[in-house]
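Going line by line, the protein sequences match chains X and D. First residue of the first sequence? That's 25 in our numbering, and the numbers climb one at a time after it. First residue of the second sequence? That's 551 in our numbering, and the numbers climb one at a time after it.
Please note that a few of the clues may not be correct.
Computed from the model, here is a short list of chain X residues facing chain D with C-beta under 7 Å [unchecked claim]:
1) GLU120
2) LEU153
3) PHE154
4) SER177
5) SER181
Simulated from the structure, these hints should not be mistaken for lab results. Note that the structure is a prediction, hence the values are computed from the model and not measured. Every residue, glycine too, gets a C-beta built ideally from N, C-alpha and C.
For reference, the chains in residue letters:
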Amino acid sequence: MAPDTVPFVNPPSPSNADDPRIGSFPADLHVHTVLSACAEVEMIPPLIVSQALSVGLRLLAVTDHNTGENAAAMVEAARNTGLHVLPGMELQTREEVHLLCLFDEVFPLEAWQEEVFRRLPPLANREDLFGPQWVVDATGEWIRTEERLLAVSADISLEEAVVRVRRLGGLPVPAHVDRPSFSLFANLGLVPPGLAISALEVSRNFRPAEGFIRRPQLRNWPLLASGDAHRLEDLRAVTRFRIVSPCLREIEMALRGQEGRCFEVDWPAR
Amino acid sequence: MITLKEIIEALNLELLTPGLGLNRGVTAGYASDLLSCVMAGAKKDNIWVTLQSHMNVVAVASLLSLSAVLITEGKRPDPEVVAKAEQEGIVLLATERNNYYAVSRLSGLGIQDEP
Ligand SMILES: [Zn+2]
Ligand SMILES: [Zn+2]
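The following block holds chain X by itself, in its conformation from the complex:
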């Protein structure tokens, strides 16, 4: 079924809800670290992990702007804590659309990062204007400062990015599509036909009652709500997946409501 003909499916109705292996995974799939110039200095792996656990998260994706270089440190910091970390990136496409690129493992993210770095303009970051970009280890210790400007568009179209992330086994999700800038609807007006995406992400303040009036197209899509955390207090456990294990294949099944997998979102009260 083409995405634009799917009735409103958020949450999708489970087709077989009695698989005993299915558990609840509160998830925030959009979290920045100190490698994002706009993130606060507190966004280091151990503090993100402890805050994530204290708000009840079991699944988190690390998504710095145009880089995945702190992903391995986040994965390591979360090891044996009960929090599963998906390595990811928040790509800024040629059209200035933000796209979450989520992976199960670090190595396909590294391949993707190499491609993105090749397509970034050769500009140096200006810490005074954009903020510092720090690569850190799992304890939060500073390793090096990323010198290239990451708060800029890579020369990759949204459509190409989606295809390539899929080809690497990743899950592409257009980010904060309710926002007035750096978002699919603000910058492109509509979802390009044939775009191989399964869900859209909305920002943590999105309320369906008002949001669907402003953008009726959103009704046609499974909507994930994330914190887009740049500070610890931004982390949110409002999206809950009912899946067997915290991997992209299960998440994809939940987005499509397949075999008892599903997800639900606690929308903010007005």
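Got chain X; can you put chain D with the ligands on it based on the hints?
Same frame as chain X, now just chain D with the ligands:
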């Protein structure tokens, strides 16, 4: 060279950064809502016409030492954006009208694109 003060008066613009002087001259104009285009194309002392009003607008304007940013379509930046602009010395102007109107009026004042 035409100054910001003259432009504000001629187009009846709202000044969002009242703390900044308006005697700075404007060499040329640039219009785009894609920041990557602006970074590649706008030049020092240009006035930039855009409907964007987020924080990176100030960062890009400052990076390029633009004279001013004219924010269109009645968009209003957040207070942090205005504070950053004042700190960086970037004059922010606003109009309810759209990019087309702003550019055509600036053109009428003799402001051209950068040669
Ligand atoms: Zn974003
Ligand atoms: Zn983000």
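Evaluated hints:
{"no.": "1", "hint": "GLU120", "verdict": "holds, 6 Å"}
{"no.": "2", "hint": "LEU153", "verdict": "holds, 4 Å"}
{"no.": "3", "hint": "PHE154", "verdict": "holds, 5 Å"}
{"no.": "4", "hint": "SER177", "verdict": "holds, 4 Å"}
{"no.": "5", "hint": "SER181", "verdict": "violated, 13 Å"}
Of the numbered hints given earlier, the model fails hint 5 alone.
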